[in-house]
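Make the full structure from the sequences, and use the hints.
Each chain, written out:
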Amino acid sequence: MIRDVLPAAVNLRSAIRRFTRHRGALVCLVLLCAFAVIALLAPWIAPFPFDEQDIASRLQEPSAVHWMGTDSLGRDLFSRLMFGARLSLAVGITTALSALVLGTITGSLAGYFGGLADRVLMRLVDVFYIFPVLLMAILLTLIAGRGFVGIFLALTLATWVFQARLVRSLYLQARELPYVEGARAVGASHFSIMYRHILPNLWGPILVSLTYQIPTNILAESFLSFIGLGLQPPLSSWGTLANEGFRAMRSYPHLMLFPGGVLFIAMLAFNFVGDGLREALDPTSKQGFTG
Amino acid sequence: MLRYALRRSIDAAVTLALLVAMTFFLLRLAPGGPFDGEKAWPPAVKANIDKHYGLDQPLPKQFVHWMGDLIRLDLNESFHYEGLPVRQIIAEALPPSAWVGFWALLLSVGIGLPLGALAAWKRNTWVDFSATFAAISGVSLPTYLVASLLVLVFSLKLGWLPPALWEGPSSAILPALSLALRPLCLIARLTRSTMLEAMASDYVRTAMAKGLSDPVVVFKHALRNSLIPVVTLLGPMTASLVTGSFVVEVVFQIPGVGKHFVTAVLNRDYPLVMGTTLLYGLILVSCNLAVDLAYAWVDPRIRLEG
Chain A
621 MIRDVLPAAV NLRSAIRRFT RHRGALVCLV LLCAFAVIAL LAPWIAPFPF
671 DEQDIASRLQ EPSAVHWMGT DSLGRDLFSR LMFGARLSLA VGITTALSAL
721 VLGTITGSLA GYFGGLADRV LMRLVDVFYI FPVLLMAILL TLIAGRGFVG
771 IFLALTLATW VFQARLVRSL YLQARELPYV EGARAVGASH FSIMYRHILP
821 NLWGPILVSL TYQIPTNILA ESFLSFIGLG LQPPLSSWGT LANEGFRAMR
871 SYPHLMLFPG GVLFIAMLAF NFVGDGLREA LDPTSKQGFT G
Chain B
2 MLRYALRRSI DAAVTLALLV AMTFFLLRLA PGGPFDGEKA WPPAVKANID
52 KHYGLDQPLP KQFVHWMGDL IRLDLNESFH YEGLPVRQII AEALPPSAWV
102 GFWALLLSVG IGLPLGALAA WKRNTWVDFS ATFAAISGVS LPTYLVASLL
152 VLVFSLKLGW LPPALWEGPS SAILPALSLA LRPLCLIARL TRSTMLEAMA
202 SDYVRTAMAK GLSDPVVVFK HALRNSLIPV VTLLGPMTAS LVTGSFVVEV
252 VFQIPGVGKH FVTAVLNRDY PLVMGTTLLY GLILVSCNLA VDLAYAWVDP
302 RIRLEG
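Chains A and B supply the protein sequences, listed in that same order. Each number in this note's numbering corresponds to the 1-based position in the first sequence with 620 added. Each number in this note's numbering corresponds to the 1-based position in the second sequence with 1 added.
It cannot be assumed that every hint is accurate.
Away from chain A, derived, C-beta distances all over 12 Å, residues of chain B [to be verified]: (1) Arg73; (2) Pro96; (3) Thr133.
List of simulated lysine to any residue pairs, SDA-like, C-alpha gap at most 25 Å [claimed, not checked]: (4) Lys123/B / Phe639/A; (5) Lys158/B / Ala868/A; (6) Lys123/B / Val747/A; (7) Lys123/B / Leu191/B; (8) Lys47/B / Glu78/B; (9) Lys158/B / Pro682/A; (10) Lys211/B / Val232/B; (11) Lys158/B / Phe884/A; (12) Lys62/B / Val747/A; (13) Lys158/B / Gln680/A; (14) Lys123/B / Val647/A; (15) Lys123/B / Arg643/A.
No lab work stands behind these hints: they were computed from the structure. Glycine included, C-beta positions come from ideal geometry on N, C-alpha and C.
Now the structure itself:
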């Protein structure tokens, strides 16, 4: 479907206005900002250090001192969740961003040049695409190691093809548009057309896909924790905490419910913001929405 | 049609070969071997074991050997479950996984599709908002959380359903529910958004102008035309549902393929990993082929050409 208008017709101001009309998305955006602030300030605002053990008060139910109770080593769950926000958000955001960079380079080359470049690059993308994401992530984590770097590499390499396919399809549409022809006519280089003319016009769909990819990757990291390949203790992401709680669920449900709940709320918020952005930025869905 | 089927089969074979080859080499890149235990073996013993299983050969040669066995339909014996042929392990594990996966697929399509269509039809009403909210919640919940909550409520608190034993058809209810939630919500969201697009199109306006009733237009005209993206999604979805989910099979103790899929990698049980990957790949390419054929049925404009 080739639209004969500039994709840039997404006017920033009207997009913001449309986004703010979406109450749910707005609330969720505020919520995400709050999570980000907590993540950044965790060492200063958390009531306890995340690895402080207090055997005397282990496995406590939520109380005035320990708002969400304590785990089997007497560590304060509330503080651990605040620190967990750092790791979970960091994993989600960095992996989504690096996958985006990798995907944008591949997708733009394939979509812009077409022909042989397209066939070769897309064959490569297809190989990754048929791989079950989680199997790929497991194999790569085993190869790259179980630290932050290993998980970062594994999730990036397991998910970049989704962005590559998206960016390629956007470039395929964009390269036929009049403004690209115009840029070519005045003698702009390929590089300049690809990244100075076309790319800035594609930020809408790219931002939307980024918003969806972040929660997906946070969940993927929590799955890796579940099978014992996640970040190593005493570091803990939301996923690690939920998994620790999962093992003690029958006797101490709060250890599972709080991390699971926080994870759930964050996922919900990302998805709502994604929906809001899509409605605000995609001119086609707007028609359907008001239609 | 025949030409198309042939071409697609060749494509599928190439895809499958690439998947298998990549798994093989990535697996060998991972540090650690199948027989590493707590203690390191004496070098002579290790060399003997490697020799026995052909692990001392260069990798490409091992791969060719494996492919050779595959052509003779021999998947070799598992390293971890000593003496057990991989074929037998898979033959025993597939039925429970496929059974749960089948019900999960049925639930996802059977509920997800109408839910999405309903939300699109009643757009911007409380029906739409609650359906959308439910669908977003569904994709936001980690599967192990859903599964354990279901066990907590229905088995431990209410005692209606068996918690974690694989016996009889009723054991499949909770696993199928936990497995279905995510795909169900994905289908509902996708259906809603493609339906909204379809409903903004000219032919729907024409149908409305003709005086057709709302439900007829929505569920007959618009729904059919917005099925294509959903059908596309069904290929990989079926493959992953039928081969089971690790999380669900661990929580409900189902003796299925999904569990082997992960534990085999962790155990470096090379033959079993290759077996499960091959199984997944086979199901995936056949589902994708079926999906391509289904396109023609959903949208007669699509011609099956080579």
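Right, here's what the structure says about each hint:
Non-interface call for Arg73/B relative to chain A: holds, since the shortest CB-CB distance, roughly 25 Å, exceeds 12 Å. Residue-level check passed: Pro96/B sits 21 Å from the nearest beta carbon of chain A, beyond 12 Å. In this structure Thr133/B is not separated from chain A by more than 12 Å, as the shortest Cβ-Cβ distance comes to only about 8 Å. With a CA separation close to 21 Å, the supplied pair Lys123/B and Phe639/A stays within the 25 Å bound.
Of the pairs offered as hints, the one joining Lys158/B and Ala868/A holds, with about 16 Å between alpha carbons and a cut-off of 25 Å not exceeded. Restraint check: the Cα-Cα separation between Lys123/B and Val747/A comes to about 40 Å, which exceeds 25 Å; the hinted pair is violated. Only pairs whose Cα atoms come within 25 Å are accepted, and Lys123/B paired with Leu191/B is accepted, the gap being roughly 16 Å. Distance restraint check for Lys47/B and Glu78/B: the Cα-Cα separation of roughly 19 Å lies within the 25 Å cut-off, and the hinted pair is therefore satisfied.
Among the hinted pairs, Lys158/B with Pro682/A is consistent with the structure: their alpha-carbon atoms are about 21 Å apart, no more than 25 Å. Simply put, Lys211/B and Val232/B have alpha-carbon atoms about 29 Å apart, too far for the 25 Å limit, and the pair is violated. Straight-line distance between C-alpha atoms of Lys158/B and Phe884/A comes to about 23 Å, which keeps the hinted pair within the 25 Å bound. Annotation: proposed proximity of Lys62/B to Val747/A holds, straight-line Cα distance about 22 Å (limit 25 Å).
Taking the CA atoms of Lys158/B and Gln680/A, the gap is near 22 Å; set against the 25 Å cutoff, the hint holds. Between Lys123/B and Val647/A the CA atoms are separated by roughly 24 Å; this keeps the pair inside 25 Å, and the hint holds. Taken as a hint, the Lys123/B and Arg643/A pair is honoured in the structure, with Cα atoms around 19 Å apart against an allowance of 25 Å.
Going through the hint list in order, the structure does not satisfy hints 3, 6, 10.
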